[in-house]
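Just need the whole structure built from these sequences, with the hints factored in.
If you want the building blocks of each chain, they are given just below.
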Amino acid sequence: MFTGICKELRRIFVAVGMTAAVPLSAWAEGVQPGTNMFEPASKPAGEIFGLALLVLSICAGIFIVVGGMLLYAIIRYRRKPGDTSEPPQVFGSLQIEMAWTVVPILIVVVLFLASARLIFAIQDAPQPKKSISITLVGHQFWWEVRYPKYGIVTANEIHVPVDKATYFKLLSADVVHSFWVPELAGKTDCIPNHVNTTWILPRKTGLYLGQCSQFCGAGHARMLLRVYVDTPAQFKAWIKNQQKPAVEDPAVAAGREVFMDNACMDCHEIRGTPANGRFGPDLTHLASRDTLGSGTVLNTPANLREWIKDPDHFKPGVLMPAMQLNNKQLDEVTAYLCSLR
Amino acid sequence: MADQTLPIGGVVDVTELKAPKQTFLEWLAEWFITVDHKKLGILYVVYAMVFLLIGGLEALVIRLQLAIPNNHLVSPQIYDELFTMHGTTMVFIMGMPILVGLANYIVPLQIGARDMAFPRLNAFSFWMTAFGGLLMYYSYIGGFGLYGVGTAPDFGWFAYAPLTSPAFSPGRAPDYWAVALIVMGWGSLGAGVNIITTTLTMRCKGMTLMRMPLFTWLMLVVSFLMVIAIPCLTAAQGMLMIDRYIGGHFFDTQAGGSAILWMHFFWIFGHPEVYILALPAFGLASEIIPVFSRKAIFGYPAMVAASVGIGFLSFGVWAHHMFTVGMSGPTNTFFVIASMLVGIPTGIKIFNWLATIWGGKIWFATPMLFSIAFIFQFLVGGLTGVMLAAAPWDWQLHNSYFVVAHFHYILVGAIVFMVFAAIYYWFPKVTGKMLDERLGKLHFWLFLIGFHLTFDFMHIPGILGMPRHIYTYMPSRGWGMWNMIETVGAFVQAIAVLVLVFNIIVSLRSGKEAGNDPWDAWTLEWATTSPPPAYNFAVDPVVKSRRPLWDLKHPEDPDWKYE
Amino acid sequence: MASIPVIQSQQEHFEEWQLPDRGKVGMLTLILGESALFSMFVLAYIFYIGKSISGPQPAQVLDIPVFMTICLWSSSFTIWLAERAIEHGKMKIFAGFWALTIALGAIFLGGTALEWKRLIYHDGLTITTNLFGTTFYSLVGLHASHVVVGLIMLITVLILTLTGHVKQEHAHRIKTLALYWHFVDAVWVIVFTVVYVLGR
Amino acid sequence: MTEISKHSSGHGHEGQIHIPANTAWPLVLAFGLTLSFGGILLGIWITVLGLLLCLISIIGWFRDVLPHESAEYVSVEVRPFVSETTRKVVDRIELPLLEHKPGELLPQATLIAGLKGGIFGGVAMAVVVMIYGQLIHGSVWYGVNLLGGAGVADWTNATTAQIAEFHWGWFLIALLIHSTASILMGLIYGAMLPMLPSRPMLLSGIAAPLIWSGLLYAGMGIINPAMNSRISWPWFLVSQLVFGLVAGWVVAHDENFKRIRKMPLAIRVGLEVPGLIQENHQGESH
Ligand code: HEA
Ligand code: HEA
Ligand code: CUA
Ligand SMILES: [Cu+2]
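Protein chains in written order, with this note's numbering: chain A, 5 to 345; chain B, 226 to 788; chain C, 53 to 252; chain D, -1 to 284.
Quick caveat, the hints were computed from the structure, so don't treat them as lab data.
Certain hints may be false.
Said to hold, decoys possible - Partial chain D-side listing against chain A, Cβ under 7 Å, derived:
#1 R85
#2 V87
#3 I186
#4 L194
#5 P198
#6 L200
#7 L201
#8 I204
#9 G217
#10 I220
#11 N222
#12 G268
A virtual CB, placed ideally from N, CA and C, is assigned to each residue, including glycine.
Okay, structure coming up:
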């Protein structure tokens, strides 16, 4: 029955707020699915949405009552023209003041109990045995994603199975970042020298967007994050592919040379090759990712070439330097990286 | 019937102001060497107004940059400097000085004193504030930074470590930020000490603490907050400078230092700071609303108790800015309840203003219009604050545009609105001229519309997942339209502010003569000439109630009989 | 139009209109602010106790500075004696105790200097060494700087006393100044407890 | 430090007021301090310059106030102060003739009655809850633990048997929540029942509990789903009605309450109005 009410309320909110908002705000291009905290698709986000509705309704109630009285007062008690007397002077009233002190206290007690319960329910939820563990490391300005159990290292694009809890261990390599995928979970900071955890339990497959939400420097705005909620089969296949070492395709050996001869290899790791840098994202399966530069641009050969030529063009403030490669080298290295499926 | 001993004794209208002949240079020099609380008050306010324009200009550029997705008007580095300087300017160089300035002018008059307790310290405090602000802005031109565009601070107004450490901010930016704020901090500390001492030791005869006008009361509370909170920031910035200049490790995460410690230190200061800005606005409202409702303030003792209560509570809620840093469950719960409890004394205040209006005869002069809008907007801003205080929801809302909307609703919708109200209300006292009412109403409506266009619509992208501090976003996120509306609103606000500036200039030259008491008000500052003489009152006034001028005006019905 | 002539109201009620002393309130407020400043450094010290990644650790290098602590705390007593003397107009005694206070304060400072010298040159602990070094030198240094400021003011007063400018009627201001000195001593109680007792 | 307030024209200087003289030293000192700090950024020589300015200005300032503060004397001529208003008449809240003088009534006294009512109501409600626990689940602690578990996260996994046991922690939490809520509700009754004169028992005993039970019913799924899944709403409603009836009865039978109920609204509301307390309006229009 409550869920009924909740659903109803939610329908109203979604209908009024979002259906009006989303299409209108589709600015120039189609709106991607994505970051609406009122469309939760995962356990903690859903529970937070419930709390949000409760708090929102109570606050709306307070606003309507207090705002309404104020509106009434300023209309009703206007000074009429020609009225030259002072109104009766009232200095206070113990009873009235008592009432409007106590009622808010009661409301606060309710709000507090609801929040406190959810804090513990989310923060202290024990990790179930059958869950995925991910270590997520925030870097200026990208995400390092590790699946310790599967021995996978990747970047910026996280794959998780649907209907299964995933637990994140959040770290930072430099400054404070914050992990936020609104439709899956609230945010938790990635802090150097400090380990945080958070978890999600997605209920729907699909792509969910997120974004670093603690200011971390010039590239902060482009520190995006993508979470793919896969069916179990898709997830398994993805894991399988990621676990393989990098593809060795003799056709692109020239590009491999360029990569290894330049400083690329000092910053990037490609498993199965001498490149073992840790400063930048792991490129072992770069071509299997949909985007470059932590969600900045789509991963197309053209974009990739442009990225290597001048990363700053797509992502001002990026910590990867433009490597001053000539056109030939660019083509070669692009071809090589494109082969890393 | 009429009592023979009048409640207010020697308030005296004095001789004509002697108008000594001065050259322009002498006149100018006097502003630099003055120790008169009124002149210093004016200096504070004018200085702050200039920075309101500058900070507003920065906001306009921010809004222009965000108006459409993938905009390239400014580079991310410049954008980062813009919002950092905007926040820092508005809070430290505009907000605090303008409120301290109003207090400087009004408090001694309201308590019937000749001057502040320490007039020279007062001058010193102002100049520290002024030079600190100038030093902060010198960062735009002084020295070469990382990107060769000056070294204006670019890490947000809360300057989270370790982004400010030498490794991540190799330029001079954090140094300008820290040093300028330390300098200004001394100014604020001096002002706090001065206001506390003034209110505690300089009240005229008969003005017991429970008869003090509410603005003065709130400035007393605010001064205590300043005296306690500002040194906390100074200490944290001192540690930052130790780290940067002599190799300390306070916030050096490589050497075991803690980023979270900085957050705690900043917000231990930062939360009281927002009440330092809000409480004077409450005080202004508590002066203006009764006068224009023609009624005594409802529940004066409760108002005082609530202010003191907010003051105390404000030191116990700082970590609500840190719900996402991974504090333990009990800690989070504690800060939830503490933050929500602030709503109770604050609610008492809102209800008391409402009850003051209730049954009154409202006179919709410009100050009152701003005050009514203030109550509405503060109500909304407070309620969104309560939403943020519900920690789990804050895990979603934190650092989103919802937060930006929350605090602008209070910082602009409440504080700036009340500052404007105060300008219209006390301008006649300060200059002897009325501000033009028609321009005033135009200013009000424009600013109201602009404000709501900008900040109402900011909540929505917040809910839709738009984080703050981003210099741009992609079209596909669906935030574009909201941001466009906000930008339009910001420009409407800018026009409104220009109307105010125009109004001030016009009214100074040819405004209506104000007389001593244009609003038919009740506190002591209206019992002297406009503008008041250097010594405020020729004879020390004596009061018998909270509304000394009411007693004079209604001898058959004085307050003191009741109180 | 009600126009009321001014009458200086002379009710008994107002005769005893007493307000606190301005200098004292000002100084107490300043002390409140200073306390906030110190508490931040104390909190930082406590927070980082035992968190240094590398040595030396406090227990290895810190000795309890008994002598200089006694000196500083007894200076609170001597300044109090000086306050009493000036209240009663005994300027010679005042000058004597005042000078003694300065001497005790100076000994304290000297003690700190020696301690630092030993730490730096013998134990190799500087502000950059580790978290302990950073927090220790900042906290103790902050306190020492307050002692220095206090001493400068005390010495100024001593000079003025010796030149005959300070008289009994200034007892008031002298006591206000002494408040500051008492505060500096009181802070040492906390610094001492935190650094030398709890932190070791 | 200035001593101006000691020199009002009342004593001493007849017709003269002294105010502190203008001085540039605070400005110079502030500039010097800013420079000496700014030197950290701008170069050491700036610091040196700043410190020099500081030194000069401290000495200057010192000589300005010691041994005597420099002051300016302004002569004034005291003239009567005229305060005027065009709104001389003050309206009054009008009251019909009263037999009691309202001053004798302490409206606040009903707050005490409310407090009492809250306590009695709270006890009565607790009894009902315990009876419910005993009858349905065989333990008086069942209901108590249901409430006390509100903030406890692992509660979801608690079995019925566990909930029936006695736990100190849950008991204390329950006690805290229950007594706070009861007392606060009692206070509201004490404050508000006199304002709403008709049928206090109906309002306090039936209407109010129904309203808040309904609200809780709607919100409990979010406030505490675990409790929501276990709570027996009929019993809950009964316990609330018992609270309301007991608390309402205590308030309604309070002597002060009975007297104040007959008073006009302004008095029932407890307005603090000077005219109201002092006078009885007879002659004025109605
Ligand atoms: C003057 C400024 C001001 C004021 C007065 C407030 C008032 C409040 N603020 Fe706000 N706040 C800021 C300025 C201010 N804030 C700023 C600048 C930031 C962002 C800093 C940054 O990150 O850059 C911020 C951020 C901020 C956060 C952190 C958000 C985040 O970053 O995740 C939170 C979280 O709890 C919060 C809560 C509150 C609360 C509970 C109040 C309460 O005081 C509100 C109380 C008022 C009411 C509740 C309304 C009136 C009451 C009633 C009508 C009674 C009935 C009500 C109830 C029963 C609830 N604020
Ligand atoms: C009192 C404080 C205050 C005030 C008044 C304002 C006023 C405004 N603020 Fe600001 N704001 C903050 C305090 C304040 N702000 C803080 C603390 C932050 C956080 C910073 C951080 O995160 O680090 C912030 C951040 C902030 C952001 C978020 C930036 C980001 O996170 O990326 C935005 C975005 O829209 C914004 C907009 C505005 C706007 C449109 C106004 C408008 O109301 C301004 C209206 C005024 C004007 C428009 C002035 C008129 C000027 C002219 C007419 C030009 C004439 C000029 C000359 C002749 C020189 N502010
Ligand atoms: Cu990483 Cu912002
Ligand atoms: Cu806060």
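Against the structure, the hints come out as follows:
For R85(D), the suggested interface contact is upheld, since its CB lies about 5 Å from the closest CB of chain A, less than 7 Å. The restraint placing V87(D) at the interface with chain A holds, with a minimum CB-CB distance near 4 Å, inside the 7 Å limit. For the restraint placing I186(D) at the interface with chain A, the shortest Cβ-Cβ distance is roughly 5 Å, inside the 7 Å limit, so the hint holds. Look at L194(D): its Cβ only gets to about 11 Å from chain A, farther than 7 Å, so that hint breaks.
At about 14 Å, the closest approach between the beta carbon of P198(D) and any beta carbon in chain A exceeds 7 Å, and the interface hint on this residue is violated. The interface hint given for L200(D) is broken, as the beta carbon of that residue sits about 19 Å from the closest beta carbon of chain A, more than 7 Å. Interface hint status for L201(D): violated, as the beta-carbon distance to the closest one in chain A is roughly 14 Å, over 7 Å. Given the 7 Å rule on beta carbons, the hint for I204(D) is violated: about 19 Å separates it from the nearest Cβ of chain A.
At its closest, the beta carbon of G217(D) sits 6 Å from a beta carbon of chain A; the interface hint therefore holds under the 7 Å criterion. Taking 7 Å as the C-beta contact cut-off toward chain A, the hint placing I220(D) at the interface holds, the least distance being around 4 Å. Interface restraint check: N222(D) against chain A, minimum CB-CB distance 5 Å, threshold 7 Å, status holds. For G268(D), the interface hint holds, since its Cβ comes within 7 Å of a Cβ in chain A; the closest pair sits about 4 Å apart.
Checked against the numbered hints above, the structure violates hints 4, 5, 6, 7 and 8; every other hint is satisfied.
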